[in-house]
Amino acid sequence: MAKHLQRDLDHLKREILEVGGKVEEMLHGAIRAFAHRDAALARQVVAQDDWIDRREVEVEEDCLKILALHQPVAADLRFIVTAMKVNNDLERIGDHACNLAERAIQVAGSSAVPVPAAFTGLFDKVPAMVRDSLDALVHQDAERAKNVCLRDREVDETNRIMFHDLQDLMKKDPASVEAAVSTLSASRQLERIADLATNIAEDVVFLVEGEVVRHRLKSPSTE
Amino acid sequence: MGLLGRVWAVCAFLILGTAGAVGWLVDRRIERDLLDEIEQSLRARAALLAPLAWSSMETPDAGLHERLTALDRETGTRLTIVREDGSVVADSREDAALMENHRDRPEIAQARDEGFGISLRHSRTVRERMMYAALPLWRDGALAGFVRTALPLHSIDARRSHIRRAVWTGTAFAALAALLPAFLLARRVTGPARTMTRAAQSIARGEGARDLPLDAPGEIGALARALRDMDGELQTRMRTLSSERNQLRDVFSGMTEGIVAIDRDEKVTHLNAAAERSLQASAAEAKGRPLWEVTRLREVCDAAARALRDGAPIAAQIRISGPSRERTIDLRAVPLRGADGTTSGAVVVLDDVTELRRLETVRRDFVANVSHEIKTPVTALRGTVETILDDPAMPPERQRRFLERAKEQALRLTALVTDLLALARAESATGEIARVPLDARSPVQETLDALRAEAEGKRHALTADLPPSPLAVLAEGEALRQIAGNLLDNAIKYTPEGGSIRVRLAADGNHALLEVSDNGIGIEPRDQERIFERFYRVDKSRGRDTGGTGLGLSIVRHLALALGGEVSVESAPGRGSVFRVRIPLEAPSAPVP
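Read top to bottom, the protein sequences are chains W and U. The numbering of the first sequence is our numbering, which starts it at 1 and goes up by one. The numbering of the second sequence is our numbering, which starts it at 1 and goes up by one.
You can take every hint at face value.
Pairs of lysine-lysine, DSSO-like flavour, derived with a Cα cap of 27 Å:
no., chain 1, residue 1, chain 2, residue 2
1, U, Lys287, U, Lys267
2, W, Lys3, W, Lys85
3, U, Lys493, U, Lys458
4, U, Lys493, U, Lys407
5, W, Lys85, W, Lys22
6, W, Lys146, U, Lys287
7, W, Lys65, W, Lys22
8, W, Lys3, U, Lys287
9, U, Lys375, U, Lys493
10, W, Lys3, U, Lys267
11, U, Lys267, W, Lys22
12, U, Lys287, W, Lys13
13, U, Lys267, W, Lys13
14, W, Lys85, W, Lys65
15, W, Lys13, W, Lys65
16, W, Lys13, W, Lys146
17, U, Lys287, W, Lys22
18, W, Lys3, W, Lys65
19, W, Lys13, W, Lys85
20, U, Lys407, U, Lys375
Hints in this document: simulated from the structure, not taken from any laboratory.
Can you build the whole structure from these sequences, using the hints too?
Below is the structure:
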């Protein structure tokens, strides 16, 4: 019985990581498409969302099956609860990646608006947060997960700066409104993805330490 | 129990067994001797009593009992006189009349048959263990009766137990005295075995053989020497193995291909540095974990799993995505066979071919571009020449127009070939160009002079900002002329009529900075990194109209690199562009005044 449970848990972990890998790939594609104004690549990213949605349902069914069949306790139960939450978060990261790709399609034709360097910094920071949160899940490494939570603040701050800067730009140059709105939206998508990566990291802390840290690791400035 | 314990136990068993046997035998012998002695004594007493019995047999008197009792008291011997039929005549301790018939007493029966009887038994009359001896009395050749003497054994029992105690005490002392040397002997015998055990344990721990009794005689010495040889051999092999392993590890980590080895459970056993980079994993964390935990690249995990399952090698090309770029990886997964022929694991080799693929594309594009660029003027040239040939009656002025057009195409072809040659030279010349100290102002000034007419033709305002004193750089005059010429030519071409173009030359740290800025059409950010590629045109239709070959900036970049410098661009669409070329100064360390 325990052996079957272990096998099912391994399988579940594998599925989660597979979905995670795909979501990361989508996110990378969306960011590249936005940075290089590559509409074809952006369309490829959007096309992948169906797969993610299908997998999310399958993973959730697997979670429920394990719960019903093995009635796990303690660490195993926490793992399944975490898996369900991470699964959900990953699906939403996929959605935001799609939104970002759609913004990329919108801006592909227009000329770029000047953006602060901090915004292009997000192109690396946000995928790194997603990667580290998934790595923390793999290694059940609470320290790495907490580190991800702390990095969320920088992303929020960048998003705030973006908002002000682009608002000023739109006031000065009404012709750039369309591109500016798309860029702002892209920034917002990235900020949401960073939030979801933080959620995953918090779930990992729960998994490892059995303690719910949500709304606690956030820095004072965001509360 | 250890060897020492066992040897000593055997010794102790032998000692105690021998001592016990000896004690028992001595005890038995002493008892035998005592009984024999008593028997002899009883027989003698019976013989002494015989005359008295003889006389009293016929006429028993009342004094007989008293006499026997008196004798008894003095000798401690019970005396009995028995008739031939077994009836008792007299007894020293009992009333004869009350005594039962003694015919069946063993000693009496024996005496009757053999002439002397002896018996050891419990007397019912005196309730004591006694030894009885009986002698027959003969009268005229006929049996007349018996004389019986008896002694209680309690006296000899006491003596016997006394002697026995002495015997056993002695034996016990002897045994104990023997046990100590036995222990020492056992220790001496097993000592080398213990030494050898410690030496073997120290070999096993890798500390080498120590304190081996090499000079010990016999088998122990031979064993010790064999152990020493084995240790030497073992250390040699260990050194060979570890040096081979280190070599392998160095080869492994030095490889540019990423290598991941997994066991049959898909757990990672090795991961080299290149694989760490490709998979963004850490070797220390990856070891012992399933591959699918180490990397979330599905293609890598799937290929490894399939190689494990099918036992057949797998080759595939995969893409590893990243937020800034995507890399192309040639993946090969090869199953490993164990000694028993089954699949014991797999090795995944990751070969990053991104750069290779890019260069291939560039080369392919280049060939296609060159063919296309050459084909256009050649076709036009052929067309005009054929038109002239086909129409001999063509008026001279019209013929001249066609010839002018042919010349134009020929010039364009020449420009293209010249540029191609210049590019080939710049590309292959990296590090080979003959760099000499020269004043950077002169080639720049020459270029300005050569192109001023063209700039004025488009009504551009051309300003030059050259330093007043010589600016000594380490370069080649022709290369500098080409760089400045191409940049200025581009600025003139891509700036709408009446623009302003500025050429600036100045010292900038250790470099000479040549800056060509215009207020022309500018370049889109996405094109900025590609304009230095060969034949790359921002606007496919416009470039050729302006007479460009698409090679100018490519030549600039290669020449700048060949001179140990660099080129960069800063541009905003619609606002103009600034191209900057940095060339090392002749004496870079000299302080700038």
